[in-house]
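Asker: From just these sequences and the hints, can you work out the full model?
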Amino acid sequence: MKQNRREFIKRSGCGLGMAALATQFKHFGLMSALAQKADDSQAKAPDDYRALVCVFMVGGNDGNNTVIPNHNSTQLSNYSTYYNIRNADGLAIKQNSLLPISVPRMGGLSYGLNPNLGSITHGINGGIYDLWARGKMSIAANVGTLVAPMTKTQFYDDTVKKPYQLYSHADQLTQFQSGRADAQTFTGWGGRIADQSAARDNPNALVPMITSISGAQLFTAGEDTFPLAIVNAQTSLSQVLNPQGFYGTAISRAQLEAFNELRKQNLDGNFVAAASNITEQAMQANSALSTFQEISVPFPNTNIGNQLKQVARMIKKRADLRVNRQIFYVQLGGFDTHIAQIVGQGTLLGQFSQAARSFYDEMVKQGVSDKVTLFTMTDFSRTLAPSGTGANVGTDHAWGNNLFVIGGAVKGGDFYGGETSNGTPCPSLILDGPDDADHGTGSRGRWIPTTSVEQYAATLAKWYGLPDSDLPEVFPNIENFPVKNLGFMQA
Amino acid sequence: MKRSKSHRARHILPASLIIFVFIFSIRAQSVYNFDSPVPVLISENDSLRALAIPAEKTAARLFSQKQSKAFSPRSKIVLYVTNVNLMPDEDASAFRVYVEDAKKRKYRFPVVKAEPVSGQEWVFALTVELRDTLGFRKQPEANGDVLIGVTWRGLASNRLRLGLGKTGGAVKDDAEAAPTPFPGSPLVNYSKPSNSKFSVAEPEAADRTRFMEQATFGPTAALDANIKRAGFSEWLEGQFQASYPTIPYPDIPLMPFNEPGNCNGSENPNNYPPDPPDLYPQCRRDRYTMFQVQNWFFKEAFYGEAQLRHRVAWALSQMWVVSGIETQQAAHMVAYHKVLSDRAFGNYRALMKEMTLNPAMGNYLDMMSSTKDNPNENYAREILQLFTIGVFMLNQDGTLQRDETGNPIPTYTQKTVNNFTKVFTGWGLCEVSGPNCPNRAIGAPNYKDPMILKQSNHDASAKTLLSYPGAISENIDANLDGAAELDLALDNIYNHPNVAPFVSRFLIQHLVTSDPTPAYVGRVAAVFDENRESPSQLKEVIKTILLDPEARGSVKTDPNYGKLREPVQLATNLMRHFGVQSADGAAQSDGYIAHMVNQMGQNIFYSPTVFNYYPPDYVVPGPGINGPEFAVMTTGTAISRTNFINAVVFKNIGTDVNSQTGTSINLAEMRFIAASDFTCNQLINALNEKMMHGTLTEQNKQTILKAVRTVPRTNPMLRARMAIYLIATSSQYQVQR
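Which chain is which? The protein sequence lines are A and B, in order. Residues are numbered in my numbering as their position in the first sequence, beginning at 1, plus a constant of 377. Residues are numbered in my numbering as their position in the second sequence, beginning at 1, plus a constant of 4.
Just so you know, the hints here were simulated from the structure itself, not pulled from any lab data. Ideal placement from N, C-alpha and C gives every residue a C-beta, glycine not left out. There are no misleading hints in this set.
Okay, the calculated bits of chain B under chain A, using three or more residues with CB under 8 Å as the criterion:
| no. | stretch |
| --- | --- |
| 1 | 134–141 |
| 2 | 378–387 |
| 3 | 565–579 |
| 4 | 626–637 |
| 5 | 644–652 |
| 6 | 696–704 |
| 7 | 726–735 |
Partner residues aside, some chain B positions facing chain A, computed with beta carbon under 10 Å:
| no. | residue |
| --- | --- |
| 8 | Thr-375 |
| 9 | Leu-390 |
| 10 | Pro-612 |
| 11 | Val-614 |
| 12 | Asp-621 |
| 13 | Leu-709 |
| 14 | Ala-711 |
| 15 | Pro-716 |
When the alpha-carbon atoms are kept at most 30 Å apart in a straight line, the in silico BS3-like pairs for lysine-lysine are as follows:
| no. | chain 1 | residue 1 | chain 2 | residue 2 |
| --- | --- | --- | --- | --- |
| 16 | B | Lys-376 | A | Lys-471 |
| 17 | A | Lys-839 | A | Lys-693 |
| 18 | A | Lys-861 | A | Lys-529 |
| 19 | A | Lys-839 | B | Lys-142 |
| 20 | A | Lys-641 | B | Lys-142 |
Answerer: And the structure:
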């Protein structure tokens, strides 16, 4: 197997480490910057492995039907509060079908997870539900885009800057991925972590620090960082980047040589250079991926299942790829449930849960479950008050949301995040109440976040190994938030 | 109608400059008259350092300025450029200043003023602020020389040194750099910094090929002959009149929401459509997927006569997005596409109304289920954000307006969206008997006829819409008829000052270049505005886009000029270069290639979201420039592109259950050329003209020839294939310039 790879390397002229490659392609701004950082860096590469896996739920997952109060406490919004707003239109999930979880941060009260997060018909595993009781999963509550902490009063008197274009998909998705809500940026927080740490943490890597199974996304873009973008596990890892039509003949070798050589020419055109750069990374990664070992835990044959399966294969190959730190991006679309939400969201949460559970189990099998942390993000939450009725009932765009963090390094089985008006991380489910950004009749329940994307992300970044000194570089607004570590990760 | 007020100051052209322009145009016309002159950045005498003075210094200091000096970041300096001739409205926004530091990082500095030097009007003084505006990186470090260069109409000047903070440092001069001192007269003839970069052998042919890349789905020899005979303007007029489509739209019946078991609509033969059960095995593929529409689209792109209309409709479909992901019944996509192609050269306000009431859009963005009691804000938000005005206030040249603290200014708030949501309530599918819904079919949602209003579902409360200077219908009274109100609301949007630059920039990006200069956007937006009442508004806009000096010319050298070919264009251009045909070469292709284009990241008529396959503001990591199509260019799709080209050039797309014809390219001519010249020089020159409009460098050619010559001369077909493969897979070809 190694011989094959070497042969290919010889043929294609690829196969140097990223830093070495950079000197060869010094015209590429990206590569030279990487090399520069490697030169500048005095710090040593880490001696362990860690990975962050972002699951982005595109369209805005309804957090109100993901985590639901399952108690009758009169101090806090309880199941009846929820039921009374959502049942008439057919959007309330029946209490006896909720998957109960006990939440220390909520005084031990019971909350319920959406039933699709447990065992489901035609499922291949028990879903993520029991990871809660096993202490391998937590929930960051009421997380959303913020420029600075904000109360309802401040929302209306304009004394605190609001995220731009609230409730707009493109803009809110962008802000979740960029990690700042005050201005448009062209880089994402995953990409900026890689900008800061790739040269230091992965000095000899054969692939970029970030791998996306869903194309290039804002989250994965840094100033100097392109992600490795590959398709899901329906294509074997050895084929994802394999250019067809090259054989061992002398003619074919000459063709490959010219194909590679043309990429080094005309680099004064920025678009030409960018296209060449991406192809070069693909060719480089292809030689590194030419062999792989299949994983053993079965994954559901869904889009998200096959994406996470491909991530698991990459992680299994980590030593070969000479990576110590990796960030992965996968996504699952269809959460924009303006109509037909019960079936629509239920199906998607089921797919997510099945895939995430397979992934967790595979990480256990690989012995890295405490080295790999999966977390969710999504555009925004959805209005507590439904739109439409009956089978067609759905919800519209809202704000603060519940997000999952899963893995052996998670301080599991609890809610985390800043305090809402009632002193807990969970908003009071009252239309036009103190936690609702809507005001007046017609208020629909759009929770003002009490934890910012940056706080959530910084907590993960800290565990990943980003030095505190790099935090402001990656999260320009982090200083607006007194708490920089939400505490859901072990050291 | 009056030309809209330009926010830019106009110059009065001094007499001497007019003479200069006159001289230039006489000189140029005798050869070829679409190339603009190449700007020359003026250096200090005998040095490779740009002649520059602090902006506050008077021009008197200019000629005593001898010694090298450095400038502080964010200060303003004046640079000098010659060999340009400006149109009356052309000003600072026509120029761009690019900077590269010693670490090869690229920046763009704003040009705030451009004016001729008094008494020496053949030289322009550009006032430049020393700060980056790409916003992708932090500001450049003030630690030494950078290379600075000017571009104008897609043409790059020579690059010279400029000290930032201090002079010196590791930056290296361009290989061909030479001093370009202040010219004492307009007729100083600078030897161009690199002649190979600024000229091609056949400028007219090169520009025609570039034009075809912009206005069609790819150059063909026949089309080239037509354009050569008619000239650009006359050919365009012909395109505006040409009947469309050449390949008839597929006739797809309306189908029930849920796919019936036998997929014929009903067991009852009296019902519509009347196929007997189970007689039609491909019913599902043909009626519940976009299969037929995709094949039609590519066949029309391959063979259609009205190429420009097809191209513009395709661009518009990437703005007014609907997707087969949401609506499976294929009939909707044909009705939707007809609106786009009908209106491609028409009035934008009319397009807005037809699209608003189009049932495909109604279903895709939920307007058809939005009622007074259950309002849905999806369409209200997207028509503002994506289809007309965007989220931030724009100047007429498409640049962002900023408030006093430098932040962009939102065009609307959530409250505005809420009010528009009310406007759009009450409309539903055309499901009443009678002449208003001629295509209605019982039991199948009517995705063909425009939506109709049910006033009782309409929220008739008073509304406050977009506010802007001179706003039309900003306030809408209560209790109006929903249809009348819709027109008022669309007028309110259409008259917003953002529409002209927003739509203009979008169309330029799709046809010509990803990051047009503000000057170019401004010229097109002015035409959009002048024709706002005209039924042929977009015709004038398209004409302006394609004939603009920033679009025209035989070769473009601005490092940021052009656009990555989207997968569709890559596929159709490659195939049209070489006589696309059926797999056996005996007939036309049936257009079945969408499955392969999908592999490259563009599943046509299945946009993943309302934000299209790629967003218009996507920024390419690395250079940090705007390049929408790069959002679907990844390591994965880069290899898919080479694999697509491999399949087409070395093999073909065979026949199967989905394609009776298959698809191939005809290489007879290239084989002949390869056979008749063993050196392959003729082959490479022919392909250079055809595919690269003459821009292959000597180095490119030698690289390709070296490989091609390893193929025995007895196999000219393989020689031709390899040469085509190497050109088509090169980044130089992947980028349309």
